[in-house]
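**Q** Take a look at the letters that make up each chain.
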Amino acid sequence: MNTLAAVTQLLEIVFAILAAPVFVGWVNQCRAWLQNRRAPSLLQPYRGIHKLFHKEAVIAENASGLFRAAPYVVFATMVAAAAIIPSMGTRLPLTTAADSIALVGLLATARVFLALAAMDVGTAFGTLGARREMMLGFLAEPALLMVIFVAAMISQTTSLPMIAEHLSGEEMALYPSLAFTAVAFTLVLLAENARIPIDNPATHLELTMIHEAMLLEYSARHLALMEWGAALKLFNYACIGLTLFVPFGVATEAQGPVGLLLAVPVLGIKLLVAGAALAVLETVSAKLRVFRAPEFLATAFLFAVLGLLVHLLLGA
Amino acid sequence: MAGTPLDLQILNTLAAILLLLSFSMLAQRRIVTMVNLLATQGAILCLATVLLAWRTGENHLYLSAALTLALKVILLPWLLHRLIRRLDVYWDTETMINAPSTMLIGLLVVIFAFGLAQPISALASTATRSTIGIAIAVILLSFLTMITRRKAMSQVVGFLSMENGLFFGAMSTTYGMPMVVELGVALDVLVAMLVLGVFFFQIREQFDSLDLHHLESLREDE
Amino acid sequence: MLTPASSPLAACLALLAAWGVVGLAGLVRPRSVEFAGRTLFPLGALCGLGLAVVAVRSIALPPEQIELLVGLPDLPFHMRLDPLAAVFLALLGAASAGISLFSAGYFRKGEGALPGLLCLEYHLFLASMGLVILADDAYAFMVAWETMALSSYFLVTTQHRIPDIRRAGFLYLLIAHLGAIGILLSFGVMQGGSWQFTFDAMRAAQLDPQWASVAFLLAFFGFGAKAGLVPLHVWLPEAHPAAPSPVSALMSGVMLKTAIYGVLRVTFDLLGQPQWWWGLVALGVGLFSAFYGVVFAAVQTDMKRLLAWSSIENVGIIFAAIGITVVFHGLGMSALASLSLIAALYHCVNHAFMKSLLFLGTGAVLHATGERNLGRLGGLIHRMPWVAWLTLVGALAIAGLPPLNGFVSEWLLLQAFLFADTVPRPFINMLLPIGAALVALCAALAGYVMVKFFGVIFLGQPREPNLAQAHDAGPFERAGLVWLALACVVLGILPVQVIGEFDQVSRALLATELGQDAAQWWLLAPTPARGASYGPLAFLLAGGILTGLTVLGVRAVYHQRVRRGPAWDCGFVRLDARMQDTAEGFGQPIRHIFQPFFGMSRELPTPFDAAPSYRVTVTDRIWAAGYERVGRSVRRVADLVARLQQGRISTYLLYSFVTLIVLLWIVL
Amino acid sequence: MEFLLLLGAPLLGAVLLAVAGADRRAPGLNVGLSLLTFLAACALTARVISQGNLLVAREQFFIDPFNVFLVTLTAFVGLTTSIFSRPYMMIEAQHGRLGPGRLRLYHSMYQLFMFTMLLALTTNNLGLMWVAMEAATLSTVLLVTLYRTPASLEAGWKYFILCGVGIAQALFGTMLVYFAAERILGGEGVTALLWTHLDVVKGELEPTVMSLAFVFLLVGYGTKVGLAPLHNWLPDAHAEGPTPISAVLSGLLLNVAIYAVVRCKVLVEGSLQSPLPSQMLMGFGLTSVVLAAFFLWRQRDIKRLFAYSSIEHMGIITFAFGMGGPVANFAALLHMTVHSLTKSAIFFAVGHATQKAGSQLIENIRGLITLSPTVGWGLMLGSLAILGLPPFGVFASEFLILTTAMREQPWATPILLLALGVAFAAIFGKVQPMVFGETTARRLPHPPALLPVFVHLALVLMLGLYVPPYLADWYREAALLIGGP
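Residue numbers (the numbering used here), protein chains in the order written: chain A, 1 to 316; chain B, 1001 to 1222; chain C, 2001 to 2668; chain D, 3001 to 3485.
The calculated label-pair distances, taken between Cβ atoms and stated as ranges, are:
{"no.": "1", "chain 1": "A", "residue 1": "HIS54", "chain 2": "C", "residue 2": "THR2619", "range": "51 to 57 Å"}
{"no.": "2", "chain 1": "A", "residue 1": "ALA298", "chain 2": "C", "residue 2": "LEU2431", "range": "15 to 21 Å"}
{"no.": "3", "chain 1": "C", "residue 1": "ASP2576", "chain 2": "A", "residue 2": "ALA5", "range": "54 to 60 Å"}
Worth flagging that the hints you see were computed from the coordinates, not collected in a lab. Model, not experiment: these values are computed from the prediction. Where a beta carbon is used, it is the ideal one built from N, C-alpha and C, also for glycine.
Work the whole structure out from these sequences, hints included.
**A** Pasting the structure below:
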């Protein structure tokens, strides 16, 4: 484990933890501008988290140990997921332990623990949110897996760094199959991160909220961890999208430390553009009824399968 | 018929009479006359056996003729008449199929029996080989009588006439069975008659009529 | 006779005989629960452990055969221990050890049958499963197979006073018998003219393709009936819940695996060179069963039926894995064939432990609350912490979440599916990846089912007042649960060693092996060329460290005061247990999305009802379409035949007269 | 000497019991006599094993491996049935269904019935075999109508007429055989009807006559075996009589009838050289199995249910004998043994079950296992054994028959298996609620003697797992003797 790999790994983790709330703040800022409102400052999420850390935690009487452990598990899994996504460099020692399918598994673990914690207090909203989150989960997971399958088939491996190297290594080859999977991936991203067409992140309206319903009973530091975890999840999804579909600028083995230094600003710019695109997407689309979500995610699955077929036919 | 010696001619006529008797039994309605026909059939059979014994010198045939006379002509008909008087069952009116069609079927059965007997009589070494066909015919006709009857008594008469047909068959193919078997068969028939007597009383006691449609409760298609 | 130490087969047979003896010992004092519970079941667990140890040690040894005295005069029982049998024996031994330990504390007074009788049937069931795995000729196999069915039938009908349990028992034995007839026919076809029924003769017999396919399809029907593949699955959700929980665990966990062992033995060992299209049949039926099973599991309101349906799903996934193994093996892609075979074996072993753990969990809950309906449970985590947390391990494992064993077999299976695009056949290379998506969907739905199962039973508020007195499981029961949970964790963390053992089986059946050359002991990299690797131990360490750091980080910064108050619930004050989501409610999205799968009948309240009530009953369409129709047609034929017996003596005489004439006519 | 004891004991017993049949000690005497017969049968078997075939009383009686095992089986089941009938009859008498007179008739007829069966089995003379069969029919008619109920009268009447007519055909068949044999062996004395002589000379017998004779014999004795189109009397007769009689009828008399059919088939097969007889047997066997399987579905009376099951098993045995060849004959002989053992065990359990529930209708008998586990378990294990579930012997013989059928007649195997499946569903579906569930039965005045049930089932279980070598050789010798294609 030479030093460069250790540095890249550490840098990835720290950058992800710090940049996630900023990324969410940036998306909220873009949305505010698009809806011609005065945007909250970029560091607002940090202030929120700081405030929550210093509040007194109120826990329901019949909440069990699971309720208190869940925030730490969710946050840790999200950080682990960030560690194995080659957003900056491909020399990540941890990725030998977990490939892309393990990444999907990690996301599933986070989702299950979140849902279980939501059901623990036994309120109507918690269980309702858990039920809807699991429904979205089991519809999104096959689509996400097909997206990763297509990328894996193109680069003949399931380990994310090798996929990134393969895709970034090629000269600017256009992959039509990747285009379809990109569309599928964006739909999955919107569904998984409780963005507008499926669920409104800002709302507390009992009937429509899915993600917020699960965090209803949390307060103070647990709520902070859950919020930070959700931010990290959005950041991770963005990084996966960038690695698969916008691979250039990732520091590979050959470029050494210089490449790594260069990769950080490139990643920053890519994230800014992605955040803006996400904001545009959200302001353009309206919220769907909960039971329209299956069609939404079925189209995502369809696009992924189309991408696969295109890959098998055209070989690219 | 003309060329054969006299006794054979008599035997053949006796066989023909036997066939006629079983035919008439098939068409008969009154049970009393049926029993009388059975008795005459027994008598004819005994006569034929005596004639055959005289012709072939098989002395055990005399014994079986005496047995037939005692059993089939005297004892059983007397027993049946006594039962008929005690249970006053005289008529077996309605039958399954009307008379003309039974006769027609009987005819067919006789033709089939004669066809059947062709190979056997061709091989038989006995003088009376031509009568084997008639013996088979008597057996099948009595089978038919049992099928078309409604009364228990007439079924029994059919059963006994079938025994007569069997004896006549044995007599015409191989001059009767070995003695020990003949005795066994006779004993069986006698015991069968005793059992039937007991039956009639019980059926009468249970159903106060000998009609067979009481005996149809054990079924599965309802 | 070789001394048991040197010959593992003799040792295995001795241990199976020991099980028999332990069972018979139950009859010595049939009424006393302590004797059967405290002494015999732990003894049975020891035998199981011994069997597992002997089997694991003998996986690498060459196959070994013995002829017993018992059996038909010219076909005595042949026994054989080869890697495939050793793996399944190890599975049987290890899983039954945990289950027997649990049932030592589980069986109490008033459990239906006498404890002694229960102990006899239980150990006879174990011994017959062992014999099925060791049998090496058709007669021994059939005798062991149906003794297994018979002893499990008596176990299912312990509480025979309840009519549903009797109906479930009858349905179970009937379909098991029909399956056995299918298997007997396939053995008949397989001996191919040599007319000996030992498996060696069948291995030697060269069947031409058509007869081999007939044999395979018959065996597939027979073993599928016992494994619960969809058209023949109707008995499983009835019979497994009817049995006492340890027996349900044994049936779901281990008995279904004997059916899978049967398919593996027939397809790869007895039929020699399987044809690739057989794999498609297995794959298709397997995937449909998996999907059908998990969709129905999501809408169940009885916790044991939910687990039974989930067994159908897992068996379906295992058959899908066997299907692609046959496809790869048939097309000569040996590396992939061994990968998917190992995935199938791994999932078999995983499912045995996971499902037994869950069934034993429900057993403990059933004993504590006396309630099986999910609608009357809830909030048990507070009163039954041991059972709750151990069942959580099982639930996470079966949902296929990373550090545990369910994820490893799912990972291997997806890797195998991933390379399916290199299959030379035109359409197949497109369909197989979509098969992979279906497997992923089933795994995700399994997650949904497990969240519902665990959440409704253990979390939230208790829905019935009497749940307050629920007591935690006894020492024996905890030991059984801990043993199985430990197995799940170990299988999840050390896949490389386990796959090393399964390699022997792949070498024995497919003559190819995975070869673990490059990987260190902690990293699973089945196909080094493809660079895909999964190191569960490192994965767990990294996760643990990160969680630890988070806790420390938070502790350094946070405000330490904690206050317990009533649940916030958006400000609603009167919060009672009925406001929680019920089991039907949790299943509502599935009912809505997969509408065509279910036969649903709803009772909607009319506006004038004094006490309006809403009830929805979900039924299995296959039962109405298939089984009732078969029942009706047999009844119709029976009525037709009954007309022969109208009771009139003259018709009977007519029959005999006509038979005589017809026969004479033929002879003329 | 043993032979005289074998036949003497039951005959003497019949006379003795006719006199002293009514008093308390009569059942004990009945058991003693059956025990004596069984010991004689064992001694006879030992002698046949050591010295081979045995000709007694100027060749009138002939003992060979084929009929000696049937003799022992008959004597054994006769013994166990008499042990079972002791408490059964006492309970029946207590329930007021039988007076002392009828008990006397029962015991004497029972011994007479045993005598006629043993006579039919051991005699060498085909005519005498016919007489013995007719005598057996007569004695059982009286036994079937023991209860004097309308149903038993009807059953007795049908049994008597149908079997009487059937046996008459057999007499004509025997006459034809005698006629064909007389042309070869000469007419003097009785040798023309002695099976041993016929067996020697069967090659030269006239084929056409022999085939006609076989048809008559098959229809005749086939009625006694209860083969498909001629079976109508069997369910009524076996269901209406007292249970020990049903057990003996189903267990033993059907075996004796099949023994007679096989004796004739051996002769005819020798002379005919064409597969016609075996095809006929197979045809009858298959129709019996299929029809009986579907008849089982609608039964409401437990004894009729098991009577139809006897028809089904007789169909399987006839089919096996029809296939011929050493393995099939071996399996058929094994099947005859295990069938009679299991079926009699079932009837013992059913007997006590009906007495406990007070009716023979299936819906009135519920939850046996709760009130009296021995009767419940006996019935459950017995029906599982008769349905051919492996650990028991019936599966062993069915396994051999099905595997031979797969080789000889592949088309017949699916039909057989379908029928076995339907029969399983029907019988088990009806027996399960009888054994399990809430109980409606009542206590019995006398403790039921259920030792015979479990002795039989233990024997059948043993035969399923391990056929002792000397028994196996016995069957092989008999199978070779029967021969066939």
